[in-house]
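S.K.: Whenever a hint applies, use it, and build me the whole structure from the sequences.
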Amino acid sequence: MFFDFDNDGWPDLILANGHVYPEVDKFHLGSGYQEPRLLYHNNGNGTFSDVSATAGSGINAVSSARGLAVGDLWNDGQLSVVINNVYARPSLLVNRSPSHNHWIAFKTVGTRSNRDGIGAKLTVKRAREL
23 MFFDFDNDGW PDLILANGHV YPEVDKFHLG SGYQEPRLLY HNNGNGTFSD
73 VSATAGSGIN AVSSARGLAV GDLWNDGQLS VVINNVYARP SLLVNRSPSH
123 NHWIAFKTVG TRSNRDGIGA KLTVKRAREL
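Just remember that our numbering sits 22 ahead of the position in the sequence shown, which is counted from 1.
Derived from the structure by calculation, the hints contain no laboratory data. These figures come from a predicted structure and were not determined experimentally. Built from N, CA and C at the ideal position, the CB exists for glycine as well. Do not rely on the hints blindly, as some may be mistaken.
[To be verified] Ranges between beta-carbon positions, derived for each pair: (1) Gly141 to Asp94: 17 to 23 Å; (2) Ala110 to Asp26: 26 to 32 Å; (3) Ala91 to Pro58: 18 to 24 Å.
M.R.: As structure tokens, this is what we get:
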């Protein structure tokens, strides 16, 4: 899934995998049933760098994963990841990456039947430089 883990405006990439056949381990084919997660940082020039090795134990853990979801679970601007693992508890990867980048959140409020403001359009204008 693409997501911007460091709020630099460029979508990064996380992968959670696992072989589909548990029996693959006994045949030693170079691929195991449980596989490590992968995290790629978007360099902003059309290329990605593999940062999995330095991303922490949550990324380096192996599992047989089948899906993941990304969201700002604590409303702090940091996107975290929940991974669904086969025959195991889900994994929560809390984003603690140091970032000096900023984020902004808007809460749209509708009227009458559209209380969540779904479909609202926002216009943002930047004031002059400080």
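S.K.: 18 to 24 Å was suggested as the range; check whether the CB atoms of Ala91 and Pro58 agree with it.
M.R.: The hint (18 to 24 Å, Cβ to Cβ) holds, given that Ala91 and Pro58 are roughly 19 Å apart.
S.K.: Note whether the CB distance of Gly141 and Asp94 lies within 17 to 23 Å or breaks it.
M.R.: holds (21 Å)
S.K.: With respect to the beta-carbon atoms only, verify the hint that Ala110 and Asp26 lie 26 to 32 Å apart.
M.R.: holds (28 Å)
When held up to the earlier numbered hints, the structure conflicts with none and fits them all.
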